[in-house]
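Under the UniProt record's numbering, residues 1 to 178 are what the sequence shown spells out, in order.
Wrong hints could be hidden among the right ones.
Estimated spans, in silico, between C-beta atoms of each pair [as the list claims (entries may be wrong)]: (1) ILE177 - PRO95: 29 to 35 Å; (2) ARG156 - MET1: 45 to 51 Å; (3) LEU160 - SER96: 37 to 43 Å; (4) PRO2 - GLU154: 44 to 50 Å.
Keep in mind that the hints were calculated from the coordinates and are not lab data.
For glycine and all other residues, C-beta sits at the position ideal for the given N, C-alpha and C.
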Amino acid sequence: MPSPTDIIFKVEQIVKKACRSKANYFKASVWEDHFIPVVTYARKLAHKLKADEEIVMLAALLHDYASVTNKEWVEKHHLVGARLAGEILEKYHYPSDKIERVKHAILTHRGSQKLKRKTLEAEILASADAMAHLAHVHSLFHLAYSIKKLETEEGREFVLAKVKQSYQKLLPEARKII
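Please model the complete structure; the sequences and the hints are all you need to start from.
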């Protein structure tokens, strides 16, 4: 079995390749504008809160993987993403108990889905995702107007709702950082 560091590196390469693929509905900038900030905030929170950094890093890398691999999965990317994460991690013989923790974090990271987060790592992923939305609000405007092609008012409402929803899922420690 590869070391946890090797697995994280391999997963990062898989996700980065998917983000840079021409098939990615969100365009290549999603890697720099969303994935990297989520990973950065997740690592910072995991360290601060003494969570399992390995679980947090893998979940942060894979949390939106389904969305960038297939446009049809965007609305249910938390469900498909958890399944895909399991499949990817199983290939590296990652321990099944840890796979379940990664999958739980991915499954519960969305603010629009009221699924109960049962682990600190899941709370951290949800907060890191929200922090990325708040700190990189330009990417929400890009999503609204360039990707979704929303009209002016509809785009404004989309961004405002996403910002409010993101703020709601922040841990107190995340609010201090952001």
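Right, here's what the structure says about each hint:
For the pair ILE177 and PRO95, the supplied restraint of 29 to 35 Å holds, since their beta-carbon distance comes to about 30 Å. Take ARG156 and MET1: their Cβ atoms lie about 49 Å apart, and the range 45 to 51 Å holds. Separated by about 41 Å at the C-beta atoms, LEU160 and SER96 satisfy the suggested range of 37 to 43 Å. Look at PRO2 against GLU154: about 46 Å separates their beta carbons, and that is inside 44 to 50 Å.
Going down the numbered hints, you'll see the structure goes against none, and every one checks out.
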